[in-house]
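To convert, take the position in the sequence shown, counting from 1, and add 1; that gives my numbering.
Take these hints with a grain of salt, some might be off.
Said to hold, decoys possible - The calculated label-pair distances, taken between Cβ atoms and stated as ranges, are:
1. R148 to G284: 34 to 42 Å
2. R145 to E180: 50 to 58 Å
3. E45 to E104: 45 to 53 Å
Honestly, the hints are just simulated from the structure, not real lab data.
Note that beta-carbon positions come from the ideal geometry of N, C-alpha and C, so glycine has one too.
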Amino acid sequence: MTVGTSSAPGGPRAARPPAPRSAGPAELGIDPDQLPDGLVVADEHGRVICFNAAAARITAVPAGHALGRRLDAALPLEDLEGRRWWQLTDPYGGLAIRVGQPERNLLLPGGREVLVSARYVRTRPTGPVHRVVVSLRDTEARRRTERSHAELIAIVAHELRSPLTSVKGFTATLLAKWERFTDEQKQLMLETVDADADRVTRLIAELLDISRIDSGRLELRRQPVDIGAAVGRHIQAYVAAGQPADRFLLRIQHPLPDLWADPDKVDQVLSNLLENAVRHGEGTVTIDITPSASPRERESGEHAATSVTVSDEGPGIPEESMNRVFTRFWRGSKRGGTGLGLYIVKGIVEAHGGTITVGRAPGGGAELRFTLPVAAPAYLG
Numbered sequence: 002m003t004v005g006t007s008s009a010p011g012g013p014r015a016a017r018p019p020a021p022r023s024a025g026p027a028e029l030g031i032d033p034d035q036l037p038d039g040l041v042v043a044d045e046h047g048r049v050i051c052f053n054a055a056a057a058r059i060t061a062v063p064a065g066h067a068l069g070r071r072l073d074a075a076l077p078l079e080d081l082e083g084r085r086w087w088q089l090t091d092p093y094g095g096l097a098i099r100v101g102q103p104e105r106n107l108l109l110p111g112g113r114e115v116l117v118s119a120r121y122v123r124t125r126p127t128g129p130v131h132r133v134v135v136s137l138r139d140t141e142a143r144r145r146t147e148r149s150h151a152e153l154i155a156i157v158a159h160e161l162r163s164p165l166t167s168v169k170g171f172t173a174t175l176l177a178k179w180e181r182f183t184d185e186q187k188q189l190m191l192e193t194v195d196a197d198a199d200r201v202t203r204l205i206a207e208l209l210d211i212s213r214i215d216s217g218r219l220e221l222r223r224q225p226v227d228i229g230a231a232v233g234r235h236i237q238a239y240v241a242a243g244q245p246a247d248r249f250l251l252r253i254q255h256p257l258p259d260l261w262a263d264p265d266k267v268d269q270v271l272s273n274l275l276e277n278a279v280r281h282g283e284g285t286v287t288i289d290i291t292p293s294a295s296p297r298e299r300e301s302g303e304h305a306a307t308s309v310t311v312s313d314e315g316p317g318i319p320e321e322s323m324n325r326v327f328t329r330f331w332r333g334s335k336r337g338g339t340g341l342g343l344y345i346v347k348g349i350v351e352a353h354g355g356t357i358t359v360g361r362a363p364g365g366g367a368e369l370r371f372t373l374p375v376a377a378p379a380y381l382g
C-alpha cells in the first residue's frame, strides 16, 4: 500500500529543499578590490575590517590607514548641514529594528561629495549589529549628468528665446497697428512668425527624440523604404529653396536590397546629414547609396544592408573632433543650431540596428556614412 503525503496539520509532509541563498564574495571568488564601488565593513565593535581599493580611491585614504580604526574615524562623514553622520545615525546603539541607511549625499573632509548607503547586519532579528556594511560611490557621473542637463536647459532656453521674441513682437505689432501696414508687410511678418513657429516645433521634436533615445523608448514603424527616392526628395527641396542643382551628385549602385525601416526616422537622418553638408561644407555634396553587408554579417559578404554616404568638399572635421561628432551639443566650426542633430541621428540609426561613422572624404571634406540592415519583418522570412 502506498502512503501519500498529507497537507493536514500534524500529518506527514514532503521534505522541502532548502531555500537557495546568495553566495558570498568569497564563494564567488571575488576580491573586494575587484568591486567597482567602494566597500567598507566594520565589525561588531565598530572597527574597520574591510576597506577595498575603490573606497581608498574615492576617499583618498590608504586602506592601511583605515583598517583597524573605528568606523567614524576611518570614514569621517558629514551631512550637507555639517553634522557628523555617524553620531546622527548611531548604527550600533540605535533602534534594533533598523536595517540600514538609504543612499544619500554626504561630505568627506575637504568638502568632497560622495554617495553613501549602509546596511546593518544582525545575527538574529532585533539582535545587536554584527557588521556595518557601507557602500561608497563617486558623484562624478551624477555631476556630469547634471551638467549635461543644465547645459541642455540653457541651450533650449536660448534657442526658444529668439523665435518666441520674434513671434510675440510681430503678433503684438500686427494686433496694435493692423491698418497701418500694407498687405506685403503683413505677409512678410506672418511668414516670419510661421518660420519661427516651425523652429520652436523642431526644437520640441528634438527634445522628445532625445528623451526617447536616452530612455530606450524610441519606437520604429518599419515599412518598405525607397532610400534613393527619399534622398531625391531632399535634393529637390534644396533646389527649390535656391541651391544650384549641380551642387548635388546622387549615385545609386543597383540592385539594392529591400529596406524595411521607419520612413519618417530615415527622412530625419537624411535631413540632418544633408543640412550639415550644405551648411558647413563646400563644393559638391555627393550622396552614394550602395548595397552593403550588415554589421552582423560582414564576414559572409552578403548584401543584407544599405549604406548611405554623404560627403562634401569643404574643410572637413578636425581630427581631434571626430570622436565628439555624435555627442550632445557638438557643433561644427560655424555656430548655429542646438548641436543635438547628429546625436539624434546616431540614436535613430542604432535603434534600427545600424551603424554610423565619420571620416574624411576623398575631396578633403567631411564624410558621414550610415548603414541600415534590411530587417524585414519575420512573417516575410
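Right, here's what the structure says about each hint:
no., hint, in the structure
1, R148 to G284: 34 to 42 Å, "holds (38 Å)"
2, R145 to E180: 50 to 58 Å, "holds (56 Å)"
3, E45 to E104: 45 to 53 Å, "violated (24 Å)"
Of the numbered hints stated above, the single one contradicted by the structure is hint 3.
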